[in-house]
Amino acid sequence: MRKKRQHKKKPLTRSQVMSAIHSKDTTPEMLVRKGLFKAGFRYRLHRRDLPGCPDLILLRYKIAIFVNGCFWHQHGCKFTSQPKSNQSFWNEKFTNNIVRDIKVSQQLLHAGYRIATIWECSIEGKNRLTTSQVLERLIAFAKSDEDVIEI
1 MRKKRQHKKK
11 PLTRSQVMSA
21 IHSKDTTPEM
31 LVRKGLFKAG
41 FRYRLHRRDL
51 PGCPDLILLR
61 YKIAIFVNGC
71 FWHQHGCKFT
81 SQPKSNQSFW
91 NEKFTNNIVR
101 DIKVSQQLLH
111 AGYRIATIWE
121 CSIEGKNRLT
131 TSQVLERLIA
141 FAKSDEDVIE
151 I
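Here the sequence shown is numbered in the working numbering, starting from 1 and rising by one per residue.
One should not assume that every hint holds.
Estimated spans, in silico, between C-beta atoms of each pair [to be verified]:
# : residue 1 : residue 2 : range
1 : Lys143    : His46     : 21 to 27 Å
2 : Gln87     : Asp145    : 38 to 44 Å
3 : Phe71     : Leu129    : 17 to 23 Å
Capping the alpha-carbon separation at 35 Å, the derived lysine-lysine pairs in DSBU-like fashion look like this [unchecked claim]:
#  : residue 1 : residue 2
4  : Lys103    : Lys38
5  : Lys126    : Lys78
6  : Lys93     : Lys78
7  : Lys34     : Lys103
8  : Lys34     : Lys93
9  : Lys78     : Lys34
10 : Lys103    : Lys126
11 : Lys93     : Lys103
12 : Lys143    : Lys62
These are computed hints drawn from the structure, not numbers from a lab. The beta-carbon is built from N, C-alpha and C at its ideal position, and this holds for glycine as well.
Go ahead and model the full structure; you've got the sequences and the hints to work with.
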């Protein structure tokens, strides 16, 4: 019996790693979607006709929900880090993301939408909230007069 050759795996480049990261249907987003649906909320996904293409829209409450990754949107928690290589590129990228988030929020508020931002760290990690805790906060927000909430 012949022994199979073992090929050494090449280390992935940063480009390959980053290209594997998706912006839709992420694990945190799916947890929020399943929880909202189970609680009886109906929503629309990724409305491209709205500024920022929110992850979920609760039409009945006119709420735009963003499930943001802490790394990409530089939340400032333990999931937030900055790559050591090509720092000028990443600093510009993160700054542009933050500026875009602010602009999108202003546009949505001006259009009469309320905004809920759910951070990755509140759903994943050691200090995460349970899905029911996230839903309780969203439901309380839906029934309140507040315009913006961060979970």
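Keeping to a limit of 35 Å between CA atoms, is the pair of Lys93 and Lys103 held or broken?
Distance of about 15 Å is within 35 Å: holds.
Holds or violated: Lys34 and Lys103, Cα atoms, limit 35 Å.
holds (29 Å)
Is 17 to 23 Å a correct range for the gap between the Cβ atoms of Phe71 and Leu129?
Roughly 19 Å apart at Cβ, these two residues keep to the hinted range, so it holds.
What's the verdict on Lys93 and Lys78, does the C-alpha distance respect the 35 Å limit or exceed it?
holds (19 Å)
Restraint check for Lys103 with Lys38, where alpha carbons must lie at most 35 Å apart:
holds (32 Å)
Check the hint pairing Lys143 with Lys62 against an upper bound of 35 Å on the C-alpha distance.
Roughly 11 Å separates the two Cα atoms, so the pair holds.
For the pair we were handed, Lys34 and Lys93, check the Cα-Cα distance against 35 Å.
OK: Lys34 and Lys93 at ~31 Å, within 35 Å.
Just tell me: holds or violated, for the beta carbon distance of Gln87 and Asp145 against 38 to 44 Å?
Since Gln87 and Asp145 have Cβ atoms about 42 Å apart, the given range 38 to 44 Å holds.
Within 35 Å, alpha carbon to alpha carbon, are Lys103 and Lys126?
Holds, at roughly 31 Å.
Pair hint Lys126 and Lys78, alpha-carbon separation not exceeding 35 Å:
The hint holds at about 10 Å.
With a cut-off of 35 Å on the C-alpha distance, tell me whether Lys78 and Lys34 pass.
Holds, at about 26 Å.
Range first: 21 to 27 Å. Now tell me if the beta carbons of Lys143 and His46 are that far apart.
Distance hint for Lys143, His46 holds at roughly 25 Å.
Against the hints set out earlier in the document, no violation occurs for any number.
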